[in-house]
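Kindly produce the complete structure, drawing on both the sequences and the hints.
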Amino acid sequence: MKYRFWSVEKKAVSEQGQDEAQDNRFVKLVNSIIRFAVQKKASDIHFEMLNPEKMRVRIRIDGELVTTMEVARKDYFGMISRIKILSGLDISEKRRPQDGSFCFETEGRKIDLRVSVVPTVYSEKVVLRVLDAQTFLIPVKELGLSFENEQRVRGMLNQANGLILVTGPTGCGKTTTLYSLLKEKNTQALNIITIEDPVEFHLEGINQIPVNERVGLGFSEGLRAILRQDPNVIMVGEIRDEETAATAVRAAITGHLVLSTLHTNDALSTVTRLLDMGAADYLLSTALRGIIAQRLLRKLCPHCKSAYTITEAERGLFAFEKEQVLYRAAGCEKCRHTGYLGRKGIFEVLCLNQSLREAIHSGASYEQFHSLARGNGLVQFSQLVRNEILNGVTDVTEGLRVMSYGNDETSMA
3 MKYRFWSVEK KAVSEQGQDE AQDNRFVKLV NSIIRFAVQK KASDIHFEML NPEKMRVRIR
63 IDGELVTTME VARKDYFGMI SRIKILSGLD ISEKRRPQDG SFCFETEGRK IDLRVSVVPT
123 VYSEKVVLRV LDAQTFLIPV KELGLSFENE QRVRGMLNQA NGLILVTGPT GCGKTTTLYS
183 LLKEKNTQAL NIITIEDPVE FHLEGINQIP VNERVGLGFS EGLRAILRQD PNVIMVGEIR
243 DEETAATAVR AAITGHLVLS TLHTNDALST VTRLLDMGAA DYLLSTALRG IIAQRLLRKL
303 CPHCKSAYTI TEAERGLFAF EKEQVLYRAA GCEKCRHTGY LGRKGIFEVL CLNQSLREAI
363 HSGASYEQFH SLARGNGLVQ FSQLVRNEIL NGVTDVTEGL RVMSYGNDET SMA
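Just remember that this note's numbering sits 2 ahead of the position in the sequence shown, which is counted from 1.
FYI, nobody ran anything at the bench for these hints, they're computed from the structure.
Do not take every clue at face value.
[Stated by the list, open to error] Pairs of lysine-lysine, DSBU-like flavour, derived with a Cα cap of 30 Å: (1) Lys56 x Lys30; (2) Lys42 x Lys324; (3) Lys185 x Lys42; (4) Lys96 x Lys76; (5) Lys346 x Lys324; (6) Lys143 x Lys324; (7) Lys96 x Lys30; (8) Lys43 x Lys112; (9) Lys76 x Lys42.
[What the hints assert, rightly or not] Computed Cβ-Cβ distance ranges for the label pairs, DEER-style: (10) Leu229 x Asn160: 21 to 29 Å; (11) Thr137 x Leu402: 23 to 31 Å; (12) Gln190 x His372: 37 to 45 Å; (13) Gln190 x Gln161: 16 to 24 Å; (14) Tyr368 x Lys336: 40 to 48 Å; (15) Thr311 x Ser406: 22 to 30 Å.
Glycine residues also receive a C-beta, built at the ideal position from the N, C-alpha and C atoms.
Set out below in structure tokens:
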């Protein structure tokens, strides 16, 4: 296996030169850990001390942390130094948090790794975020949207202006969806500019601005600067405060298509959150084009999932038929004895029509807005999860876990 590394500036770093500075054992250890994580499609790699003499490496697969190895103290410090050198960090600084990045090439694929180092009681903890363009940068048609929802999303993107929001809890794939939407709009005829914290991937043809709070460049400041750059499409990594929300709404009603994310439980609560952040109802009703709320659902392992007849308690949770046969997790070597293998996105897609705009403008109640949204084709998470359970894609346990992120009514009765 051949490897090639880049520093923060993405310039090639001599493998031979690095070997002279570090013991070859540490080089091979770090290489093998990253390679294993990439092969397993892990999203993160954790290096941490268990006690003063022993450390462990864990990788996050399908949202769950899995221990891959335990290493002696002396090897731990060698690996941490190796990672710091690759990511352009100060190897002598052990009291303050540090952030960096580097690239790792294996078998012709270039993997970006974002590095976070923090001091802990025993030593430093290091987390590598694995950013694999092969699994991260995907077209809209491969996101997992239903045919109807994909058509709704494309309808939003075809608008010349307006605000499109992607919402959900941390780690649910919001950034992946945003990048897919950007790729869909990326043509020579459009000036596309983003403000991100951080820039996850470099997209050719798109002008990407990294947030830098140390020099006063936050989302709000970046967005105001972007508006002076003659943009057609603007992507704001996250709406975090009232000022950013107000500026995004104003940009959306003055001829720009604005894409952003928000931490809300579902599509309907997104409107309430924006109003709570100070967005004027008459402006929001004009600006908002649509909302894509999403979650990630673990799929049952097809090699070991087992059929069973549901209990009376389970029947009431999702309004299942009596004597309904479902599937549940079992566990085998192929799924690391977890019972789950891979994940699937589920999406609430809400497109605003005239009735919904009028409801926002008039200050309609949540119940009224909910009724109008359902009439406009919104399928909520509770129904989406129920469908996946009935189709044998996942089980009741995972369905309840996913539903616990929000305040949706779990019962469909």
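Here is how each hint holds up against the structure:
{"no.": "1", "hint": "Lys56 x Lys30", "verdict": "holds, 19 Å"}
{"no.": "2", "hint": "Lys42 x Lys324", "verdict": "violated, 39 Å"}
{"no.": "3", "hint": "Lys185 x Lys42", "verdict": "holds, 26 Å"}
{"no.": "4", "hint": "Lys96 x Lys76", "verdict": "holds, 16 Å"}
{"no.": "5", "hint": "Lys346 x Lys324", "verdict": "holds, 27 Å"}
{"no.": "6", "hint": "Lys143 x Lys324", "verdict": "violated, 36 Å"}
{"no.": "7", "hint": "Lys96 x Lys30", "verdict": "holds, 23 Å"}
{"no.": "8", "hint": "Lys43 x Lys112", "verdict": "holds, 14 Å"}
{"no.": "9", "hint": "Lys76 x Lys42", "verdict": "holds, 27 Å"}
{"no.": "10", "hint": "Leu229 x Asn160: 21 to 29 Å", "verdict": "holds, 22 Å"}
{"no.": "11", "hint": "Thr137 x Leu402: 23 to 31 Å", "verdict": "holds, 27 Å"}
{"no.": "12", "hint": "Gln190 x His372: 37 to 45 Å", "verdict": "holds, 42 Å"}
{"no.": "13", "hint": "Gln190 x Gln161: 16 to 24 Å", "verdict": "holds, 20 Å"}
{"no.": "14", "hint": "Tyr368 x Lys336: 40 to 48 Å", "verdict": "holds, 44 Å"}
{"no.": "15", "hint": "Thr311 x Ser406: 22 to 30 Å", "verdict": "holds, 25 Å"}
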